Amino acid sequence: MQSSSEYLTLALDVREVTDLLIELVEQGAPNDRLDGSIRQVMLSLQGTGQATVKSLRDRGFLGRYVGVRTLNEVFSDEQREEFAGTLKGVIEPQSPEQRTESALAAIPFFDALERRALYDDNRAKTARRYTPSR
Amino acid sequence: MTIWPEVVRQEVSELHRFIEPLERFCTEIRADYPVYGETSREFFKHIGELGQKSLSYLESLPEQILRAKYPQIAASKRQKLFQLKSDWERLHEYIRPALDADTLHLPMPLISALNDRLRETPDWRSFRFTLFHAAEVNYFEVPSSIVRRAADGIASQIGGKPFPKTLGLIGIPYSQADGIFLNCSLAHEMGHFIFQEKVLALAQGKIDDALERMVSDIGKPLAYEELTLCQERIGSWTEETFCDLFAICLIGPAFSFAFSQLMTASILIESAAGQPEVFYLYGQYHPASVARFRAHQRLLEKLGWWKEIQGWASAPVEVLRLCAGAASQFKVQADLPREDLEARLLSCYDELCSWLIDFVPSRVKGHVNDVADFHDQSPIIAEYLRRAIVPSTIIVQGKIVHPRPVVLINAGYQFLLEKFSLLLENIEGEKPNSIESRSRLSARLELWLLKALEDHQLLTKGVSNHGSIT
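Those protein sequences? They're chains E and F, same order as listed. Once you know that position 119 of the first sequence is 119 in the numbering used here, the rest is easy, because the numbers rise by one and skip nothing. Once you know that position 450 of the second sequence is 450 in the numbering used here, the rest is easy, because the numbers rise by one and skip nothing.
Treat the hints as calculated values from the structure; they're not laboratory data. None of these values were measured; they are calculated from a predicted model. Using N, Cα and C, we set each Cβ at its ideal position, and we do this for glycine too. Wrong hints could be hidden among the right ones.
Straight-line C-alpha distance at most 27 Å; calculated DSSO-like pairs for lysine-lysine [as the list claims (entries may be wrong)]:
no.	chain 1	residue 1	chain 2	residue 2
1	F	K165	E	K125
2	F	K206	E	K54
3	F	K220	F	K69
4	F	K85	E	K88
5	E	K125	E	K88
6	E	K125	F	K85
7	F	K451	F	K419
8	F	K77	F	K198
9	F	K45	F	K161
10	E	K125	F	K77
11	F	K331	E	K88
12	F	K198	E	K54
13	E	K54	F	K461
Covered stretches of chain F (chain E as the covering partner; in silico rule of three or more C-beta atoms under 8 Å from a C-beta of chain E) [to be verified]:
no.	region
14	202-211
15	308-315
16	340-353
17	377-391
Take a look, some chain E residues computed to stay more than 12 Å from chain F by CB distance [stated by the list, open to error]:
no.	residue
18	T9
19	R39
20	S44
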């Protein structure tokens with residue numbers, strides 16, 4: 001059963017986006033994959049209240065329970081709004097400079113999510129060791 | 001703040017020091033001893049290469065961090081070290097157990113038989129499995145996808161090759177190398193791999209449809225977090241049920257008997273309705289055991305097995321009979337935010353369960369002749385076993401037959417559950433009521449069956465009733 005890899009999977013998914021942001025800053029090349037991932041994250045950040053079942057699959061890693069939970073644990077409502085605004089600057093920039101600045105500003109948000117997911121993965125591993133179940 | 005170069009180099013070298021012995025374990029395997037299966041070697045080769053690539057990547061990482069133009073990027077690249085460390089820590093958990101699982105410490109004839117059976121479904125012919133030893137006596141908690149996810153995570157960060165797509169990983173309790181009955185649970189673990197690779201997208205559609213109907217019945221939308229929780233719970237329960245039903249299609253009721261044995265489900269017999277309550281609890285990842293047995297019984301009935309086994313005087317069959325009638329007393333132990341969700345979620349699961357009972361046998365090929373062959377051959381196999389003869393070759397209606405693995409395993413289980421005292425009575429000096437005798441000879445029975453499985457492979461050269469297996 002794949003249960004105890006959920007947080008590790010989340011951390012890896014977040015890292016993929018972060019690496020694409022770093023690539024964007026360092027090489028200056030926009031990337032379709034990055035745009036798609038960021039749109040998914042924005043959808044989740046802006047619509048954390050209610051959603052339809054099918055729409056959850058469009059939200060990537062934040063359409064999963066551990067993703068939502070981690071997002072809610074790490075960021076307040078205000079921080080989520082700020083995060084969404086920053087991401088908008090990455091996919092709809094007024095200038096190439098704004099795109100770079102927004103990407104740089106978004107990286108610490110993703111790092112915070114990744115850190116929390118790794119922490120929770122470690123905690124889940126320890127818990128699994130002491131509470132085996134079928 | 002400037003990061004001290006020495007701090008960065010030390011952090012990176014600590015990870016290098018951690019990965020280096022793991023890489024060595026995988027690349028320094030001797031060709032002669034211990035003997036590993038082809039899939040295990042493929043696994044070690046992949047992890048070894050990933051290790052080498054990781055070590056090269058780490059050589060250049062300090063400069064990448066120290067020369068980063070922006071502090072946000074430097075900090076993020078440092079954090080990547082922790083991600084890589086977590087991934088390698090995860091692989092660390094499985095490398096030693098995989099090294100311990102050489103061919104002398106695995107029930108190879110059973111594994112080959114399961115692999116052959118799987119390949120009767122043309123769509124799944126390319127899938128192969130490697131096994132590792134688990135410390136827990138628990139096949140169901142060993143996650144086949146964790147190693148793949150961790151290895152792919154490392155590969156994506158350092159530019160390595162992805163984990164072989166057709167290679168699955170299965171855990172087996174280290175003490176079960178020469179067993180056959182409990183190891184029937186391996187078929188369930190194979191099911192997880194098939195589900196993830198071949199069924200997931202279709203199942204997700206069914207799950208979403210069922211949940212949409214549930215939400216529409218509630219009449220008001222659920223909050224985002226509540227909805228993801230429901231989707232996840234139903235998703236896990238559906239996958240587990242798929243794997244149970246898949247295992248039954250692969251090896252017949254023997255899977256359900258093994259599960260019964262693992263869960264000590266015979267305690268349900270003579271217990272009051274709804275007791276013991278743990279058997280009626282839907283957990284975070286697994287449906288209630290009673291609900292699982294209920295699904296097993298329904299599928300066994302559909303496949304024709306139930307008619308064959310319903311008269312057996314044995315605990316696992318009695319458990320199936322009891323659970324078939326269970327309809328209430330279920331509880332959900334899964335952090336549900338609202339009480340009214342429990343009954344709705346369970347009815348949603350029941351709907352998906354009914355779909356699976358039709359769907360799974362339509363996907364698993366090769367089980368059509370199982371019941372008829374079992375019906376004809378099991379009394380003869382039992383007679384061989386009563387006389388302590390390995391039933392590799394038997395005579396059925398004047399013809400020589402090499403019983404197929406599914407027939408051997410289920411006939412062996414029937415013999416264990418119903419007729420074992422006949423063997424004890426047949427051997428001079430054995431005491432039918434002695435636990436030691438029973439335990440020792442049941443281990444023997446498992447060895448005879450493993451030998452018969454091995455002989456089947458040899459005698460038929462991999463040709464089953466259903467054609468050649470390549």
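- [ ] Give me the numbers of the hints this structure contradicts, sorted from smallest to largest.
- [x] The structure conflicts with hints 3, 4, 5, 8, 11, 13, 15, 16, 17, 18 and 20, although it agrees with all the remaining ones.
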